[in-house]
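Student: Going down the list, the sequences are from chains A and B. With the UniProt record's numbering applied, the first sequence corresponds to residues 1 to 253, in that order. With the UniProt record's numbering applied, the second sequence corresponds to residues 1 to 253, in that order.
Hints are computed from structural coordinates only; laboratory data are not their basis. Check before you lean on any hint, since a few could be wrong.
With a straight-line Cα cutoff of 27 angstroms, these simulated DSS-like cross-link-like pairs (lysine-lysine) come out [what the hints assert, rightly or not]: (1) K86/B <-> K138/A; (2) K86/B <-> K50/B; (3) K163/A <-> K192/A; (4) K83/B <-> K128/A; (5) K86/A <-> K125/B; (6) K122/A <-> K86/B.
Footprint (simulated), chain A over chain B, 3 or more residues, beta carbon under 8 angstroms [to be verified]: (7) 128-141; (8) 222-231.
A partial selection of chain B residues facing chain A, derived with a Cβ cut-off under 7 angstroms [claimed, not checked]: (9) L65; (10) V238; (11) E244; (12) K246.
Note that this is a predicted model, so its numbers are computed, not measured. We treat Cβ as the ideally placed atom computed from N, Cα and C, and that holds for glycine.
There are 2 protein chains.
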Amino acid sequence: MQQYFVNGRAENPVIIRDRDTAKHMFSVMRLVAGDEVVLVFDDGIKRLAKVLSAENHSFELIEDLPDNVELPVQVTIASGFPKGDKLDLISQKATELGAAAIWAYPADWSVVKWDGKKLAKKEEKLAKIVLGAAEQSKRNRVPEVKLFDQKAAFLEQLTGFDKIFIAYEETAKAGDLSALARELETVETGQKILFIFGPEGGISPKEIELFEQAGGIKVGLGPRILRTETAPLYALSVLSYALEMKEFKSLDS
Amino acid sequence: MQQYFVNGRAENPVIIRDRDTAKHMFSVMRLVAGDEVVLVFDDGIKRLAKVLSAENHSFELIEDLPDNVELPVQVTIASGFPKGDKLDLISQKATELGAAAIWAYPADWSVVKWDGKKLAKKEEKLAKIVLGAAEQSKRNRVPEVKLFDQKAAFLEQLTGFDKIFIAYEETAKAGDLSALARELETVETGQKILFIFGPEGGISPKEIELFEQAGGIKVGLGPRILRTETAPLYALSVLSYALEMKEFKSLDS
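Input sequences plus hints: build the corresponding full structure.
Tutor: Here it is, written out as structure tokens:
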């Protein structure tokens, strides 16, 4: 069933005020009175809703749905500004894979230089991609999108996390493939986790130092060299496996 | 260091006969006598090689390199023909993530219909993408690319695997998130594993039946709905984690 995110708190009946959402509902999907969709408000609870009036864009809330597909931890992905449209792919896929937030920062070795205007435009585009992906993958939350125009502003945010992982391929090359697996065994439900990735050229030694000073732990992501846009997808998939499949496994057995 | 795959067995000296490879080496990278690269022949061993003559496209093999980044199992990814250029993305990313082979088959619910000519052209394009990705991610093997024009031909291949997983989101929806984790504990080094994915519309009930008759096991890939091109990346990442990180972990501790 089609799912939509609606800003604000759940009220009954609901009037859809967001223009893009209303357009998709009544022009693209051509919903008519009696049709059902899933609406998700700021509380992250999915609710079954029935169109009252297509003309007034109004819905009646029928019932809460128990379905919760969020990761048991809040994962923020932070990518060094990559080239071209790679952030589009990262944002879409990271949303499908359960990220709570998708950030990007100007890394020492980022080739692209995005100024304030370009950054705002890019952020807006990514927010749309993320909203669409969150609806399609039936998320309970829309990931936050944030592009930092200064690295200092990004560094200031590092204090807000329980764990910070630095994706660093030299760690894997040095033969330690297990750092991430070891660390994930200590992760607890509800924790805030930050995963930092470099741009195409990687993370500079100076940045590694800064991230480590903030408590970051270097981890490899397998023995193969992953492109900058692939690494976050690997990390999120592994988190899902370690915290969702294995967790459920222990409950089962 | 730049890596190239060379068809055939290692011989010393080596003459590069593949036109595209020679062009990349001597026109794009402008290698000159004395420059070093890594060459990988059919045996999958990386060898340090030094340019003898840029004019003759010849190299001297210096030494074998111990570096092996292949997954401990041979994983084949089989996607139902997806729309547009999605196979390009799947092929590139599956190569980075360690797939041994990338297959696609005409699924019941595939929207696209590719005939023989289109298929051959597409296969050729994918082979180039895969070669480039294998070089960039420093693989020891170039994954096989195979597009089946008939589903029957694909089904005939199912007997050649030790384990067949069917990516099936209903399994996860039904609350069993642990099927894949349980199965991966029984996987042994060197086994041949097939992972079957549906196209955008999913795998038809008839196909599920056929795949199960061939020994396929339905597994979910986490609680979120993944797009057809994202599911193989999740599966490969999880295999890497379960078989590479965890394996190394047990050796460490």
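Student: Which hint numbers does the structure go against, in order from smallest to largest?
Tutor: 2, 9
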